[in-house]
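Asker: So the protein sequences, as listed, match chains A and B. This note's numbering applies: residue 483 is where the first sequence begins, and numbers increase by one. This note's numbering applies: residue 2 is where the second sequence begins, and numbers increase by one.
Hints are not guaranteed to be accurate.
[To be verified] Taking lysine to any residue and the SDA-like style, the derived pairs with C-alpha atoms no more than 20 Å apart in a straight line are:
1. B:K433 to B:R408
2. A:K504 to B:K39
3. A:K504 to B:L287
4. A:K504 to B:A123
5. A:K504 to B:S126
6. B:K39 to B:G78
7. A:K504 to B:D288
8. B:K375 to A:R491
9. B:K433 to B:P222
10. A:K504 to B:E284
11. B:K375 to A:M500
12. B:K12 to B:D46
13. A:K504 to A:D529
14. B:K39 to B:V16
15. A:K504 to B:G351
16. B:K39 to B:D19
17. B:K418 to B:P386
18. B:K375 to A:I544
19. A:K504 to B:R350
Honestly, the hints are just simulated from the structure, not real lab data.
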Amino acid sequence: MKVRVDPERCQGHTLCWMTAPKAFQLDDIDGHSSAVSEDVPADQEEDVREAAHSCPERAIEIF
Amino acid sequence: MSEAASEDDRKKNRVHFDRHTPEYRHQFEEITHELHAKCPIAWTDTYDGHWVASGNREVFELARSAEFLSNDHDVNGERRGYKGITIPSPPRAAEVQGGFLEMDPPEQRHYRQTLNPYLSPAAVSRWIPLVDEVVRACLDEKIEEGRIDFVDDLANIVPAVLTLAMMGIPLKDWTVYNEPAHASVYTPPNSPDMARVTELGRNMGLALYTAVQEIREKPRPGLIDALVNAEINGKTPPDLELLGVLALLIGGGFDTTTALTAHALEWLGQNPGERDRLSSERESLLDSATEEFLRFFAPAPGDGRTISADCEIAGQRFEEGERLWLSWAMANRDPSVFAEPDRVDLERRGNRHSSFGLGIHRCIGSNVARTVFKRMVTAVLDRMPDYRCDPDGTVHYETIGVIQGMRHLPATFTPGKRLGPSLDETLEILQKACDEQRLAEPVTVRTARAQIAR
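The shape of chain A in the complex, shown without the other chains:
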């Protein structure tokens, strides 16, 4: 499973990071999110799916 945060869509709501803190990181300056790694470790898949589902801007793409 791979994950990507669309930087054009992300507005820094931070829900993904609250849901899957190992899989997402927030920029110190504007709080916008990015994936720690495009490849999602097997033990984080469920949290990442939940994070994608929680994103108010639907900025998280799983592929």
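Once you've looked at the hints, dock chain B against the given chain A.
Answerer: Chain B alone, transformed into the frame defined by chain A:
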């Protein structure tokens, strides 16, 4: 089709919608269900006519269509005369631009870029030791008495003190800003108290203006310093525009977090089993519970917009110049996204609520709000775990057209012991920490957490 017939067709979903009436507050769920079922985008004739979007998908698509929607409040009639985010618009004499929430890009983006390094999660977490001390002192003031008003004695004070600290305004001045920040929201325009509230607002504006001048002459770190030095679209913003921005930060920082905290504490008081569970399982529950309180109580229930070009969004045709109300609160109750939307579920998953707005205008203080809320609520759970709210003394805002707030939430609890100095003394200690450690610097300058010695 004739023009009139086409107009009728475009506006065929008509409702009478007036969110400024007490009925809207009392019948919020029924009205929301009806709009979702019949017309998730509807036309209403109230307030010179405007669209109302209540469906989750509709609100989502509209809020993110920045190319067709404008937040602009053209107070001086220099652009297209748009009226900003308030429906109805304030009387002409009282019109001031509501900071960057009533601007479009690029100016709006420049302001946010200026302020983000003070308000990001990394920036806000540095303040937690200070927040905890203010919370501690507020609870200490009432802990021996066994009686507290969660609004007056806690939820009004902590967000106010932190907001001022971040701005670079003396903490003890929170009383100058506190009453006007709340009263200007809950006082109806026809109230006999309105003259006094207007006067308080004027004093607050004057205090803000004085702070701006002081910081220009003798810089000290904080949001005001960032703003007076900001270059917005290549220009130094005029004072009146800056005052609008500062008033937005005060308005956004004070009343909304108060509203969220009061509603959550009231609900937890009514559901003591859930309160105990939240307290004992906070590690896993606090985040999801916070998002659920945000979804359910939506302190800022919506925003107005102006359609800036003819367009079709979410299956509805709009014309340039038309006004639109985006209801975050109603979008949060859409059963197509939220199972059992009218129930509070502290463990709710996939809670993509819109209580901080959606799109480019996402509440810039969202990280502050969450942090302050969590620190206040967990401290109450620790120190007043058996509190009982007094329904007879509880006062909700009469209407929820602007903010879904509360004026009073008295409660009783088993008394406990003080843990530290009084609120006034605490604010003096914290002021020293702000000054000496330059706590209000942006995260680009200072990354360390506040050190609070007691």
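Asker: Now look at each hint and say whether the structure bears it out.
Answerer: Hint check:
no.	hint	result
1	B:K433 to B:R408	violated, 31 Å
2	A:K504 to B:K39	violated, 42 Å
3	A:K504 to B:L287	holds, 18 Å
4	A:K504 to B:A123	holds, 16 Å
5	A:K504 to B:S126	holds, 18 Å
6	B:K39 to B:G78	violated, 37 Å
7	A:K504 to B:D288	holds, 16 Å
8	B:K375 to A:R491	violated, 27 Å
9	B:K433 to B:P222	holds, 14 Å
10	A:K504 to B:E284	holds, 16 Å
11	B:K375 to A:M500	holds, 14 Å
12	B:K12 to B:D46	holds, 10 Å
13	A:K504 to A:D529	holds, 9 Å
14	B:K39 to B:V16	holds, 10 Å
15	A:K504 to B:G351	holds, 18 Å
16	B:K39 to B:D19	holds, 17 Å
17	B:K418 to B:P386	holds, 14 Å
18	B:K375 to A:I544	violated, 31 Å
19	A:K504 to B:R350	holds, 18 Å
Comparing the model with each earlier hint shows violations of hints 1, 2, 6, 8 and 18; every other hint is respected.
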